[in-house]
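Participant: Chains B, C, D and E: place on chain A using the hints.
Protein chains in written order, with my numbering: chain A, 1 to 261; chain B, 1001 to 1261; chain C, 2001 to 2261; chain D, 3001 to 3261; chain E, 4001 to 4261.
A hint or two may mislead.
[Claimed, not checked] Derived contacts from chain D toward chain E, CB cut-off under 7 Å, selection only: (1) C3151; (2) D3214; (3) K3219; (4) P3239.
[Said to hold, decoys possible] Covered by chain C, per the in silico footprint, the following chain D stretches (three or more residues, Cβ under 8 Å): (5) 3075-3087; (6) 3163-3172; (7) 3192-3204.
[To be verified] Residues on chain A that point at chain B, a partial pick, calculated with CB under 10 Å: (8) V222; (9) Y223; (10) R226; (11) G243.
If you're looking for bench data, these hints aren't it; they were derived computationally from the structure.
Beta carbons are placed, not taken as given, at the ideal position from N, Cα and C, and that holds for glycine.
Residues per chain, in single letters:
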Amino acid sequence: MDPVEPSVGWGVLHLFYRVDRAAFDAEPHAGKRIVDAVASLEADGHQAVTFAVLGHKADLGIMVLGPDLARLQAFQAELAGTPLELTWSYVSLTESSEYTSTEADERGRLESEEQLAGDELEARLAVWRDRMRHYGEQRLHPKLPPKRTVCFYPMSKRREGADNWYALPFDARKELMAGHARVGRTYAGRVLQLITGSTGLDDWEWGVTLFADDPVALKEIVYEMRFDPVSVRYGEFGPFVTGLVLEPAEALARVGVATAS
Amino acid sequence: MDPVEPSVGWGVLHLFYRVDRAAFDAEPHAGKRIVDAVASLEADGHQAVTFAVLGHKADLGIMVLGPDLARLQAFQAELAGTPLELTWSYVSLTESSEYTSTEADERGRLESEEQLAGDELEARLAVWRDRMRHYGEQRLHPKLPPKRTVCFYPMSKRREGADNWYALPFDARKELMAGHARVGRTYAGRVLQLITGSTGLDDWEWGVTLFADDPVALKEIVYEMRFDPVSVRYGEFGPFVTGLVLEPAEALARVGVATAS
Amino acid sequence: MDPVEPSVGWGVLHLFYRVDRAAFDAEPHAGKRIVDAVASLEADGHQAVTFAVLGHKADLGIMVLGPDLARLQAFQAELAGTPLELTWSYVSLTESSEYTSTEADERGRLESEEQLAGDELEARLAVWRDRMRHYGEQRLHPKLPPKRTVCFYPMSKRREGADNWYALPFDARKELMAGHARVGRTYAGRVLQLITGSTGLDDWEWGVTLFADDPVALKEIVYEMRFDPVSVRYGEFGPFVTGLVLEPAEALARVGVATAS
Amino acid sequence: MDPVEPSVGWGVLHLFYRVDRAAFDAEPHAGKRIVDAVASLEADGHQAVTFAVLGHKADLGIMVLGPDLARLQAFQAELAGTPLELTWSYVSLTESSEYTSTEADERGRLESEEQLAGDELEARLAVWRDRMRHYGEQRLHPKLPPKRTVCFYPMSKRREGADNWYALPFDARKELMAGHARVGRTYAGRVLQLITGSTGLDDWEWGVTLFADDPVALKEIVYEMRFDPVSVRYGEFGPFVTGLVLEPAEALARVGVATAS
Amino acid sequence: MDPVEPSVGWGVLHLFYRVDRAAFDAEPHAGKRIVDAVASLEADGHQAVTFAVLGHKADLGIMVLGPDLARLQAFQAELAGTPLELTWSYVSLTESSEYTSTEADERGRLESEEQLAGDELEARLAVWRDRMRHYGEQRLHPKLPPKRTVCFYPMSKRREGADNWYALPFDARKELMAGHARVGRTYAGRVLQLITGSTGLDDWEWGVTLFADDPVALKEIVYEMRFDPVSVRYGEFGPFVTGLVLEPAEALARVGVATAS
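Excised from the complex, chain A in its bound form:
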């Protein structure tokens, strides 16, 4: 099976499943096969986050990501051979933000706001470059953390009448996104967010995955951002799915699937 590797970033599938309990009861090894499929995917250099979903949209969610779309499709096909029914999904790729500060932005800021020059300026820029490299690496090749709750939703930027994001010049969009990022940073540590790109790949333009130990933090960050000018005028949101992050075997147990045999 030839790999299909994006030239930049990783492939991401958010997969939402309903459990066919009668079929699982009839096939005692099916639960273990799912756990093994996740382990095998991870052994192949990909990541998986499993969660028990609250409400009717699904029983079980599995977010998988990594360098090879063919491997991710193979995982999806493997689970299609178990009594899990795929009820919703989202297809995206990790990507850098086009609106992050450039080195020129930062140099200008250090010169004008902090009045730096010479070696001091260069030293600070070296630190900044390191931090940005780490941040960029986290967006393109994220390591997903063991927070206890998760929510996922897709979104697009509005293109309607006077509220048309795509009609704005780049600098206006960059400034609006900078304000948005400032809100996000006030939740650093409490909420980890991953924005992945899906224009041309799925029905919305981006997928947003949020992780937090406290479910209140999921609600608060999205609510607070709704007052941010970017969301006020330009945010369009798809369905929201919320779940409890758990190890694969535990997630399956919580939705009624035994994995012991």
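Facilitator: The following block gives chains B, C, D and E in isolation, referenced to the frame of chain A:
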């Protein structure tokens, strides 16, 4: 099973089920298992309200709430093991209103409107603090009352063109919400309403649960509020579900599920 | 079973069913059970109108109404125990119009337009009061007539930008509704219409049920009203279902369900 | 079975079916029953056009029309007793256009544009009356032609903000529709179109059925009309279904249903 | 079976299937029948592209195109006889762009921009004619290339308020589309796009099929075009489906269907 407890408020699941009668007939104890699951959830410090739903959206509704999202998910999973099919649901958290009067608001009102000062003013503020503490407690940790009918609907605030709630300053929103609350208070005793927050958790921003003995009161309060400026320009409403509140065994009997055996 | 009676008006369920023919063939008495359920509901002081639906939305429609929501729910549950599948429904309550002329309106009109006074005026008002009492009674406690065709659709008033019904003052709304009623009266005898209220109970604000012997009349009245200023700017319409009104046993026969055995 | 005959025009059902092949295999005579049902409907003075549908919306389409809605419902019920699953449909009535030229329009045009008078004028008007009678008859009681491809779609006129069809005076609507008709006439012979009315009967206001031997003509007429001012500002379109018109037995064969036995 | 051939261009069906694995397991030859059906369609002068779909919208996609709509319908019917369930589809015809440069456009450009005349001008025009003939032929009778990934989405041009594509004069539309084409050309070699027409045939006005070896290119071209004035104000997009292009037997194997027996 480790609990997942919101740092503020309780978790709330509105669960709407279709009854698979053939499967219930084939499994005589299933009805009793549902009643037991409700009792067990309540024994664990959570609440449940059961109701027979009118119309095709569901046969049975169960609203469950309490401190532990993991316990609520376990309840959902337990019912998924019975012949009840989950057709719709809503996920939210109880929350305080950000627009309730502050002590400074009330002090100012007492000074200017009622011309109070000194001990008299402080005594009145103490009474006010008590009342507000009780009101706030009811929103965060409500005790659901045995009214005879219920309706549930999710809603969001509009963000469109000139009617953009999130573009309003806080004071304008607070004033609009105060008018809304005044309408609600005219139904005190007739209608009990619980507003729970779902931004970031489910597809709308809030869930509204109304209880009344007289079904006309459910219709009248929502109709009257539709003329309130907040709803006129900023209310967006999801689907409405209406039901008859009943004890669990009685609710099941009314939708055709025996619980005796 | 304790009754749940609205303090004003009656409960109304529009129930739309698909026929599971294989299941009916396997259960010869099911058709008769449906006819008996309708008869029993009517014996309990409620009404039922049965109709064969045209097109894919349903095979069979049953509109039931009367004083007790618990009795109507019991009817719905009884039919859920037969091979009829409930595919759509609508929940509402009969209600008076808030825009009907008041006695003061009529007195003013008689004085100014017809120049009446004294006993003559009072006599005319007495006649008017009788007519209005009858009209109001027909809206709250209608007796459904044996016309040959029926259509049902839910509707709401628009709340968008400059076309916001709920932002209009009462007098403007009353005047607009008076024009609407005038169109309705030109169909008196040809079309019988029943408007029921569903704000807070179901997804739209009102349900409209039209009966006519000539199906052309159903089309013409709705089409003509679409040019009426109320509908032009403020009418939002849900799905339309059309059917042939028939006695219960005949309606079942027409959709392929035998009731003889 | 008492007929239900519209006072003007005919009833029309567009019925779209999915084939349950396993069920057809198990019931060898089912295909023949469908062919017989069509023949019997035609023997009763109604028409049927059968077509193999392209794409997933259906396998088989059957458009039936004629004077008696009860007979059309009986046909629908008869097919419901076969392994055809009704997945979509449309209910309408044939109707005259309210915007056709009147004799006064034509007299005026002949006098002013062609400077006719006296006998010559009257002779031309007699010819015109004949043509219009034929055209009107074709709309109310059409004879459907054996073209090779068909498309069907429902549509409504827009009622939004500044683009509100129903707010236009009759003369403006008549003039706009005249332009629309001129485009239609340039396709005379290539495309046959039938507009039927469904306000109050189904979810859109009109159904449009187009027949052409060349599928390109279906695309071109709809595309060209989209630039016509009526469609530019006032056309709202529902789903489009396209199919290959075939004799009933041949249509069934093409969707995998044998009719020989 | 008489062919149904468009007078211009080819028929195109995008078919999206869910795999019924239990049924495939019960019918060992079904996979091979699908591969044979594709081969037979190609032997009849049509093309097929098969792909494994990412996410829940389908397991398998098959895009088929060629001169005869009857042959394409026969292919669809043949697959309906296998355990593939058709969950979505799109019907369109290949077509020329009405906005390509005319010879007069190019002559003018060569005269004014490049100051050419006489034989030199005519020689350049001959080259241009050749290139355009090839380009036009590729749109009407495309040869689909073996790129590794594919995405498909339908789209329409907006007709709303001030953003009404169909209200623009031809020259304005031509100029806007020329800008759009310039973006497309910057992806020459990386992305191959095929625009097919579906006005009057399916629910949107065009179908867009993009092929690329690098999935990032699918995302980038659609994202970049979203900033193009045509899309900013006039683009409306339907659902997006993404897949991995594979030979038929390999595509089936990847979605869990054996084709060996």
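Participant: Evaluate each hint against the coordinates.
Facilitator: Hint by hint, here is what the structure shows:
1. C3151: The hint holds - C3151/D has a Cβ within 7 Å of chain E, the shortest such distance being about 6 Å.
2. D3214: Cβ of D3214/D sits 5 Å from chain E, so the hint holds.
3. K3219: OK, holds: K3219/D within 7 Å of chain E, min 5 Å.
4. P3239: At about 5 Å, which falls below the 7 Å cut-off, the nearest Cβ of chain E leaves the hint on P3239/D intact, so it holds.
5. 3075-3087: holds (count 6)
6. 3163-3172: holds (count 3)
7. 3192-3204: holds (count 7)
8. V222: holds (3 Å)
9. Y223: At 4 Å from the nearest chain B Cβ, Y223/A passes the 10 Å test, so the hint holds.
10. R226: Holds - the Cβ of R226/A comes within 10 Å of chain B, reaching about 5 Å at its closest.
11. G243: Since chain B brings a Cβ to about 8 Å from G243/A, closer than 10 Å, the hint holds.
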